[in-house]
Amino acid sequence: MIRVQKEDFDLATELSALSAGNHNIGGITSFVGLVRDMAEGQHVGAMTLEHYPGMTEKMLEQIEAEANQRWPLEASLIIHRYGRMEPGEQIVLVACASPHREAAFEACHFLIDWLKTKAPFWKLEEKDSGAEWVDARESDEDAAAKWD
Amino acid sequence: MIRVQKEDFDLATELSALSAGNHNIGGITSFVGLVRDMAEGQHVGAMTLEHYPGMTEKMLEQIEAEANQRWPLEASLIIHRYGRMEPGEQIVLVACASPHREAAFEACHFLIDWLKTKAPFWKLEEKDSGAEWVDARESDEDAAAKWD
Amino acid sequence: MKILYFAWMRGKTGIGEEDVSPPETVTDVAGLVAWLKTRGPGFEDAFSDMKVVRAAVNQEFVELDATVGPNDEVAFFPPVTGG
Amino acid sequence: MKILYFAWMRGKTGIGEEDVSPPETVTDVAGLVAWLKTRGPGFEDAFSDMKVVRAAVNQEFVELDATVGPNDEVAFFPPVTGG
Numbered sequence: 001m002i003r004v005q006k007e008d009f010d011l012a013t014e015l016s017a018l019s020a021g022n023h024n025i026g027g028i029t030s031f032v033g034l035v036r037d038m039a040e041g042q043h044v045g046a047m048t049l050e051h052y053p054g055m056t057e058k059m060l061e062q063i064e065a066e067a068n069q070r071w072p073l074e075a076s077l078i079i080h081r082y083g084r085m086e087p088g089e090q091i092v093l094v095a096c097a098s099p100h101r102e103a104a105f106e107a108c109h110f111l112i113d114w115l116k117t118k119a120p121f122w123k124l125e126e127k128d129s130g131a132e133w134v135d136a137r138e139s140d141e142d143a144a145a146k147w148d
Numbered sequence: 149m150i151r152v153q154k155e156d157f158d159l160a161t162e163l164s165a166l167s168a169g170n171h172n173i174g175g176i177t178s179f180v181g182l183v184r185d186m187a188e189g190q191h192v193g194a195m196t197l198e199h200y201p202g203m204t205e206k207m208l209e210q211i212e213a214e215a216n217q218r219w220p221l222e223a224s225l226i227i228h229r230y231g232r233m234e235p236g237e238q239i240v241l242v243a244c245a246s247p248h249r250e251a252a253f254e255a256c257h258f259l260i261d262w263l264k265t266k267a268p269f270w271k272l273e274e275k276d277s278g279a280e281w282v283d284a285r286e287s288d289e290d291a292a293a294k295w296d
Numbered sequence: 297m298k299i300l301y302f303a304w305m306r307g308k309t310g311i312g313e314e315d316v317s318p319p320e321t322v323t324d325v326a327g328l329v330a331w332l333k334t335r336g337p338g339f340e341d342a343f344s345d346m347k348v349v350r351a352a353v354n355q356e357f358v359e360l361d362a363t364v365g366p367n368d369e370v371a372f373f374p375p376v377t378g379g
Numbered sequence: 380m381k382i383l384y385f386a387w388m389r390g391k392t393g394i395g396e397e398d399v400s401p402p403e404t405v406t407d408v409a410g411l412v413a414w415l416k417t418r419g420p421g422f423e424d425a426f427s428d429m430k431v432v433r434a435a436v437n438q439e440f441v442e443l444d445a446t447v448g449p450n451d452e453v454a455f456f457p458p459v460t461g462g
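Listed in order, the protein sequences are those of chains X, R, F and D. Per the working numbering, the very first residue in the first sequence carries number 1; after that it's consecutive. Per the working numbering, the very first residue in the second sequence carries number 149; after that it's consecutive. Per the working numbering, the very first residue in the third sequence carries number 297; after that it's consecutive. Per the working numbering, the very first residue in the fourth sequence carries number 380; after that it's consecutive.
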């Protein structure tokens, strides 16, 4: 399941729903991305995530489908927020449930790596020097490429 | 932090506490192990985890320390339950928080792999044919060995 | 043809969304970009370094040689930075 | 010397914990195992296949050649299966 929303999410609620009633799940791996208060040595007061409504949902669904094709998952979840967020706030949740932990780990790692380079979101950081659009990082490209 | 307990745990509460007030955390990877209702094709009604009080805490602390030495973590957590649990119940939680997701993923994966072969817990499964001690799996040895 | 701009491309062009009717000679994304650039200094600036511009047609990533037609939704944006 | 047995080793020996005073000739884990086996068929059975027995002295994993003394806590158990 994928969701794009402005509101925060509750991890325990989301993961309980993911595994509810399915007793073939042996493990759930999840990753939560949080807003940091520093970027390249500069203080970040807050950040705003812009996205491309419609395409975002489409891409997240494609990424999730790809993970389910590559690994034997019982359930998977991507929640990505947009809008303004302050340091410490949750930005994104990806989670994969599988009978065995290896698949859960790999698929979850894959989801966030692909999402980082394929989901149409853009970060605007509020720094002391003003608002600045974040540049894409080569390390994210490399991380995504390792799943090719 | 490590904890060995009979009681269940709440994921959101635990992970919130892990990252509380630390705005240098960019991501938290967590793994939750759940009781499955099948093992080697047989139905499992419940299982009981026995452990070695004292040594368990010692080993979990060693494993956590090793992860913190290998990766730049801001926080880490291992919670392992013991006693009787039914299918769908949470057995174990491992979580790692780091400025960057790569370290969080690797350290979390390492924690559960090492724990599986080094923490003194033993599973007794209630099958239709009676109660049976679970045999150690070679795949768990292999998973742990990849971090050597 | 519907055009969308995101992040700093929206900032440079000054608009987030517009409907345009490029000449019939415009048949692919590269041609569209060339035509859009003729429409003012903001557009010229936004498309000045195509290495940092990505395009999507009907919400799928495409290369510059992808065909475009009057009923398409075309979006321009920098490399993504979510997650 | 305090001896602990876990999982099916406890089942086979019939006890979870005992205090023993092995002869002075017992100086390592292997010697201790050999001596424990003389104490009855349950112990003989529990230690019959040492490939599936692990040992800890004072709550640290050890090999069979690890030394043991009167004040040590020695535990025997199968390979672990938690997590």
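It is worth saying that the hints were derived from the structure and are not from the lab. It cannot be assumed that every hint is accurate.
What the hints assert, rightly or not - Here chain X is said to cover these stretches of chain F; the calculated rule only asks that three of the stretch's residues, wherever they fall, bring their Cβ under 8 Å from a Cβ of chain X:
1) 340-346
2) 366-375
As the list claims (entries may be wrong) - Capping the alpha-carbon separation at 30 Å, the derived lysine-lysine pairs in DSS-like fashion look like this:
3) Lys298(F) <-> Lys6(X)
4) Lys6(X) <-> Lys333(F)
5) Lys154(R) <-> Lys391(D)
6) Lys391(D) <-> Lys430(D)
No experiment lies behind these values; they were computed from the predicted model shown. Beta carbons are placed, not taken as given, at the ideal position from N, Cα and C, and that holds for glycine.
Do the hints match the structure? See the list:
Residue count for the stretch 340-346 of chain F with a Cβ under 8 Å from a Cβ of chain X: 0. That is fewer than the three needed, and the coverage hint is violated. Judged by the Cβ-Cβ criterion of 8 Å, the stretch 366-375 of chain F is covered by chain X as claimed, because 4 of its residues qualify and three suffice. Taking the CA atoms of Lys298(F) and Lys6(X), the gap is near 25 Å; set against the 30 Å cutoff, the hint holds. A C-alpha spacing of about 34 Å is found between Lys6(X) and Lys333(F), which places the hinted pair above 30 Å, so the restraint is violated.
Note on Lys154(R) and Lys391(D): the hinted pairing holds, with a Cα-Cα distance of about 26 Å set against a maximum of 30 Å. Among the hinted pairs, Lys391(D) with Lys430(D) is consistent with the structure: their alpha-carbon atoms are about 16 Å apart, no more than 30 Å.
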